[in-house]
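Asks: This note's numbering puts the first residue of the sequence shown at 17, with every later residue one more than the last.
These are calculated hints, taken from the structure and not from any lab test. Using N, Cα and C, we set each Cβ at its ideal position, and we do this for glycine too. Hints may contain errors.
Said to hold, decoys possible - Each pair of labels, with its calculated beta carbon distance range:
1) L74 x G123: 23 to 29 Å
2) S32 x L168: 21 to 27 Å
3) L74 x K99: 23 to 29 Å
4) P164 x N140: 34 to 40 Å
5) D113 x E162: 17 to 23 Å
6) L74 x K33: 30 to 36 Å
7) F82 x D130: 33 to 39 Å
8) G142 x L74: 44 to 50 Å
9) L74 x Y133: 37 to 43 Å
10) T43 x S139: 35 to 41 Å
11) G62 x E162: 22 to 28 Å
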Amino acid sequence: MSYIADKDWYQGVSESKGLSLRCPFATADRCPRYYQSLSLFSKTGGTSLTPEEDSRLLEKWEKSEFWPRIDEHATSVSHSGEKLISISNFCPEVAFDRYGYFCSSLGAYADEMDSGYAQERLSNEGVSSSDPRWYWAHSYRVHFSECPLYSLLSHPVTESKEVPKEPAAIAPPWWREHLAKIVVGVVLALAAAIIKWVFP
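Kindly generate the complete structure, drawing on both the sequences and the hints.
Replies: Structure below.
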């Protein structure tokens with residue numbers, strides 16, 4: 017299996033885990049990280065979402081339990097002037113579409129001198145030109161199954177629905193339990209009154 021975060025590596029991991037070849041949540045409406053990454057796409061030199069679509073998706077995901085609560089968990093892009101320095105917490109699916117690597121983070125070389133030294137070393141070692149180190153000082157490859165949001169989206173917590181209780185049985189009138197005794201008492205009282213009237 018290739019260790020470069022290309023399509024062969026990605027699909028190899030998927031097959032070894034018995035998963036789909038690509039992430040089943042890789043749309044802006046199904047995953048907040050995919051949306052965040054796509055929203056920042058233009059800051060990496062790609063095209064941008066329309067303002068209307070961006071606002072719609074932002075409103076949707078900001079209300080979600082999956083939205084990052086701290087900056088360290090959010091998707092971000094860093095620049096130094098016009099130069100892209102790094103991308104962080106990116107959806108690997110979006111990173112692949114932009115850079116050709118399934119990575120969550122990529123960091124640029126500090127300057128052309130650092131880049132030149134690195135490329136000279138890679139050339140001497142016979143490293144493949146598809147290796148991201150030719151272009152990036154560091155890269156962190158991620159398969160979608162390792163994304164923290166994949167587990168959450170795959171196993172959403174459903175709110176338990178309270179089972180409606182059966183209506184309580186209506187209690188019988190208090191006198192029903194003693195009805196027989198009451199009837200007997202009334203009969204005996206009438207009998208005694210009749211006897212007393214007949215035989216004064």
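Asks: Checking against the hints above, which ones are violated?
Replies: Violated: none.
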